[in-house]
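Enquirer: One-letter residues, chain by chain:
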Amino acid sequence: MAIAHRLAAEGAGVVVLGADEERLRAVEDELSAAHGVAVYGLAVRFAKPKEVESALGETMRVFGGLDVVVAGLHGTASGVKGAAPGAAGVAESTPAVTAQGDRRSTTLSELEDDDFSRAVDAGLRPVYAVCRRAARLLVGRGRAGSFVVIVEGGAGGPARAALDAALDHLVKAMAVELAPNGIRVNGVAAPLEAPAPPLPPPLLSRPTTPDDVAAAVAFLASDAASYLVGTVLPLDAGLGAAR
Amino acid sequence: MNGAFSGKVVVVTGGTRGIGFATAQRFARGGAGVVICGVDGERLEAATAELEGLGATATGVRCDVTDPAQLDALFAETMRLFDRLDVCVADAGISPSTPFAEATLDELRHTLAVNVEGLFVTSQKAAAVMRGCGGGSIVHVGSVSGAVADREGASSAYDASKGAVHQLTRALAVELAPARIRVNAVAPGWIATDMTARLHQHPAQLAAALAAVPLGRTGRPEEVAELIAFLASDEAAAITGAVVPVDGGILAV
Numbered sequence: 000m001a002i003a004h005r006l007a008a009e010g011a012g013v014v015v016l017g018a019d020e021e022r023l024r025a026v027e028d029e030l031s032a033a034h035g036v037a038v039y040g041l042a043v044r045f046a047k048p049k050e051v052e053s054a055l056g057e058t059m060r061v062f063g064g065l066d067v068v069v070a071g072l073h074g075t076a077s078g079v080k081g082a083a084p085g086a087a088g089v090a091e092s093t094p095a096v097t098a099q100g101d102r103r104s105t106t107l108s109e110l111e112d113d114d115f116s117r118a119v120d121a122g123l124r125p126v127y128a129v130c131r132r133a134a135r136l137l138v139g140r141g142r143a144g145s146f147v148v149i150v151e152g153g154a155g156g157p158a159r160a161a162l163d164a165a166l167d168h169l170v171k172a173m174a175v176e177l178a179p180n181g182i183r184v185n186g187v188a189a190p191l192e193a194p195a196p197p198l199p200p201p202l203l204s205r206p207t208t209p210d211d212v213a214a215a216v217a218f219l220a221s222d223a224a225s226y227l228v229g230t231v232l233p234l235d236a237g238l239g240a241a242r
Numbered sequence: 000m001n002g003a004f005s006g007k008v009v010v011v012t013g014g015t016r017g018i019g020f021a022t023a024q025r026f027a028r029g030g031a032g033v034v035i036c037g038v039d040g041e042r043l044e045a046a047t048a049e050l051e052g053l054g055a056t057a058t059g060v061r062c063d064v065t066d067p068a069q070l071d072a073l074f075a076e077t078m079r080l081f082d083r084l085d086v087c088v089a090d091a092g093i094s095p096s097t098p099f100a101e102a103t104l105d106e107l108r109h110t111l112a113v114n115v116e117g118l119f120v121t122s123q124k125a126a127a128v129m130r131g132c133g134g135g136s137i138v139h140v141g142s143v144s145g146a147v148a149d150r151e152g153a154s155s156a157y158d159a160s161k162g163a164v165h166q167l168t169r170a171l172a173v174e175l176a177p178a179r180i181r182v183n184a185v186a187p188g189w190i191a192t193d194m195t196a197r198l199h200q201h202p203a204q205l206a207a208a209l210a211a212v213p214l215g216r217t218g219r220p221e222e223v224a225e226l227i228a229f230l231a232s233d234e235a236a237a238i239t240g241a242v243v244p245v246d247g248g249i250l251a252v
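Residue numbers (numbering that gives the first Met the number 0), protein chains in the order written: chain A, 0 to 242; chain B, 0 to 252.
Think of the hints as simulated: they come from the structure by calculation, not from any bench. Heads up, some of the hints might be wrong.
What follows is a set of in silico ranges between Cβ atoms, one per label pair, in the way DEER data are often shown [to be verified]: (1) 219/B - 198/A: 35 to 41 Å; (2) 142/A - 203/B: 41 to 47 Å; (3) 48/B - 193/A: 32 to 38 Å; (4) 202/B - 116/A: 35 to 41 Å; (5) 201/B - 112/A: 36 to 42 Å; (6) 209/A - 200/B: 20 to 26 Å.
A few chain A residues that face chain B, going by a derived Cβ cut-off under 7 Å, partial list only [to be verified]: (7) 31; (8) 33; (9) 175; (10) 195; (11) 198; (12) 199; (13) 202; (14) 209; (15) 214; (16) 226.
Quick reminder that beta carbons are idealized off the backbone N, C-alpha and C, glycines included.
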């Protein structure tokens, strides 16, 4: 949500993709009231590629373009710069919370096989689905763009660790493939919960906030980051630099 | 982020040319007071005048980063003029290119003296001043050559020096975090500057180098400056100890 707010505040038209129709209406109202830009919430089941495809196609039809795609656990959105021609997009992926609660941080001994599959379905597939279809749309029209993938980073059980590694490599692989088409792909690693032992505390005493994530996304999505390709910014308050 | 640095004071070593100068210009446009240093007096004067032309309060101090006394004078002058220091960009560096078999010990020592010792002492003195200002942000200019070895433009000494810069970045981030000083590095790939000009004179070498860049082009100093400005700003308050590639995708391959 902070990401959508930030992109809208910078003048982007914003499309939020999500599963929860009621929440999407609330997001539309809040964002358009706060920033006076065009905001649309489109209901999408990320497990249905056709729905993702038509939502992104709809985005391009309404705004006449697609400049930015943000995809990840903390929300997926797309944006179009300068709301007139061109739209930004943000897609909101379903949070990786199953009926039994969030199992991604569960230990190996407690993790059920289905938990792992659910984590992949909720955390990895939506990012892949959105980026793949957005790339196809942009490349097909010869348009440049910028994708930002939100990786969680930090502590967690094996399911979350595997997801993070997968997203990190997905960023790099997509970045290398799409760079010749003028589509930059980068990431933000944003652990939003305090690390637990055996991880030491982060170096900085302030916690990473959704606004920090939004600021990093806005930078990566902008022309200021025009030579950044396949970079994942660690918003981990120094956790990854020290032991 | 324009205007994001108004009231802030920024020191840029190696700020008279290339990435350093582009960085000084970026901060000047953002409203910062800027102090640049370099070893070439004429170049220093011209660069300072250009910064002033942007409407910035800018000063050029002649300073060789291999001499700690001159760095003392640089920061003393900064405090005398501005009475604060918010950001220090350690960019001063050299890039010799001698095949390993022919490289001399003197060349290695000189490279390490500028790229590592100079950056070490620059950061140390900047941090001492920042402690008195309640914190700050230090940005090192590393290189993709600090992470992977270049196939073009053999330079074992340069590669080793930039590897040291990256690890210094992490070590200083640990030690300076309690003082509310963030320390990060940028790792530029092939950027079109004087330093890489020799590459541009050899089309075959340039083509080979660019073949490893997914974006298919060299970067501009301004593109590195934008990342440095982001890392130095409050927008990156959650980032420390990071070495961030700005390389057109070289390290993603």
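Enquirer: Hint by hint, note whether the structure agrees.
Expert: Cross-check of the supplied hints:
1. The supplied range of 35 to 41 Å is met by residue 219/B and residue 198/A, whose beta-carbon atoms lie about 39 Å from each other.
2. Checked against the given bound of 41 to 47 Å, the beta carbons of residue 142/A and residue 203/B, roughly 33 Å apart, lie outside it.
3. For residue 48/B paired with residue 193/A, a C-beta distance near 50 Å fails the hint of 32 to 38 Å.
4. Between residue 202/B and residue 116/A the CB atoms are about 52 Å apart, so this pair departs from the stated range of 35 to 41 Å.
5. For the pair residue 201/B and residue 112/A, the beta carbons lie near 56 Å from each other, so the given range of 36 to 42 Å is not met.
6. One distance hint, 20 to 26 Å for the beta-carbon pair residue 209/A and residue 200/B, is violated here, with the actual separation near 49 Å.
7. Given the 7 Å rule on beta carbons, the hint for residue 31/A is violated: about 25 Å separates it from the nearest Cβ of chain B.
8. Taking 7 Å as the C-beta cut-off, the interface hint given for residue 33/A is violated, the closest approach to chain B being about 20 Å.
9. Given hint, residue 175/A at the interface with chain B, holds; its Cβ is 5 Å from that chain's nearest Cβ, closer than 7 Å.
10. With its C-beta approaching chain B no nearer than about 18 Å, residue 195/A sits outside the 7 Å limit, and its interface hint is violated.
11. Interface restraint check for residue 198/A: the shortest CB-CB distance to chain B comes to about 14 Å, outside 7 Å, so the restraint is violated.
12. About 10 Å separates the beta-carbon of residue 199/A from the nearest beta-carbon of chain B, more than 7 Å, and the hint is not met.
13. The interface hint given for residue 202/A is met, as the beta carbon of that residue sits about 4 Å from the closest beta carbon of chain B, less than 7 Å.
14. Checking residue 209/A against chain B by beta carbon gives a least distance of about 11 Å; that is not within 7 Å, so the hint is violated.
15. A distance limit of 7 Å between C-beta atoms decides the matter here; for residue 214/A the minimum to chain B is near 4 Å, and the interface restraint holds.
16. The interface hint given for residue 226/A is met, as the beta carbon of that residue sits about 4 Å from the closest beta carbon of chain B, less than 7 Å.
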